[in-house]
Structure formats: structure tokens, C-alpha cells
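Residue numbers (the working numbering): 1 to 191.
All the pointers check out, no bait thrown in.
Think about it this way: if two alpha-carbon atoms lie no more than 30 Å apart in a straight line, the pair counts; the simulated DSSO-like pairs of lysine-lysine are:
1) Lys158 x Lys71
2) Lys112 x Lys163
3) Lys158 x Lys112
Per label pair, the in silico range of CB-to-CB distance:
4) Tyr189 x Lys158: 17 to 27 Å
5) Tyr189 x Leu65: 43 to 53 Å
6) Ser169 x Leu140: 22 to 32 Å
7) Val24 x Arg76: 37 to 47 Å
8) Asn63 x Pro186: 41 to 51 Å
Rather than coming from a laboratory, the hints here were simulated on the basis of the structure.
Ideal Cβ placement from N, Cα and C applies to all residues, glycine included.
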Amino acid sequence: MLQCSHFRINSFVALNAKTNSDDVIFRGMALLSPAGCRPHRVLRPRESAMVVRALRLGNPVINGLVSHLIKMIYTRVLLFPSDLPPGHYLAGLVRAATTDFDVLREQVNMLKHARLPALLAWSRSDEFMEEEIPVELSQLCHTGPRLAFAGGGHNIQKTRAEKISTVLSEWVERVLAGENVEEEEPTRYLP
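Taking the hints into account, I'd like the entire structure generated from these sequences.
Laid out in C-alpha cells, this is it:
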């Protein structure tokens, strides 16, 4: 099985699935705009943790107001699309505030030692994540293609789909054919 995922939650699901599964044989993993092994500044870790603490109080008035406030911040300040219910944006904030990055780093290390090939692709102009985060993750993961796009923003799986799909298809064929994917590949800097 090859796992392909985008950003935080799917990246974590992919890592958890691989590290916790003996039933499924993973042959490789592709991470698109991956979250990395440390929080990024736009998520404002302290403020996010404060919101989670407020939610844990269980006050229905606070919880109702907070979800609408978070949606407003995500859609008006961070310019996310506004077509989803408030709970969607709140769930993203809660995931950001409760992620154990030490555990994630351990999982990445386990996958590297298991020699699981990893394709990583990110945008150097991602408005939600500093470039150092996917660069660090690309160094922590096992070998595989690394694609760094000059443009494309946060959703490169949409904005750079053609180039990603070409590289991904070629890489999957090599992995499934058992060809040598152990060789370190330099990061490809693309438009």
C-alpha cells in the first residue's frame, strides 16, 4: 500500500497507520504540504492552547461562541473558504493545539529506520507554514522525491496537481517494481 496525504491530520493519520499496523504492508508514503514535526507560527500555539482550555470547561455558551469566532478568524483573517460549518475550523484549531510533536517526531524516526520511501512536496510560498518545517521533515524522512514549488500556496495538491501526479506516478512505479529507491535525491525546485 502507498499512502498519500495532505497537511496535518492526514499526515498524522499516515504516520500512525504505518507505525501501528502489522496487517497492512506499506511500500511508500507521499506527503503533500506536510505539517512537519513542530508547530508553525500561523497556528499561534499559545492562543490555540488557551482556546482548548476554555472549551474543556464545558460551558455551552462559551463553546458556541468560540466555534463562530474561530471560523471568523480562519475565513476573514487567514482567508480560508467560508463554506464549511464552524465546527470544521474549530476542529483544525483543536488538532493544532493538541498535537504531540514529540510523538510525531518519534514516528518519523521509526519510519526512517524502517526505510519507508517518502515523497514530499510543498510550496515555498505557503502562507500558513514556514518553509523550514517541510524542509526539516524532508531531511528526517527516508529517501524519495522532494518537490519544492516556488508558487502554489497551501493547496499544491490542487495548484500543482499535474506536476505532482507525474512525479508521483513515476515514483510509485519504481517503488512497486522494487527498483532502488534508496538513493538520496536532491530537492527539485519548481515554479
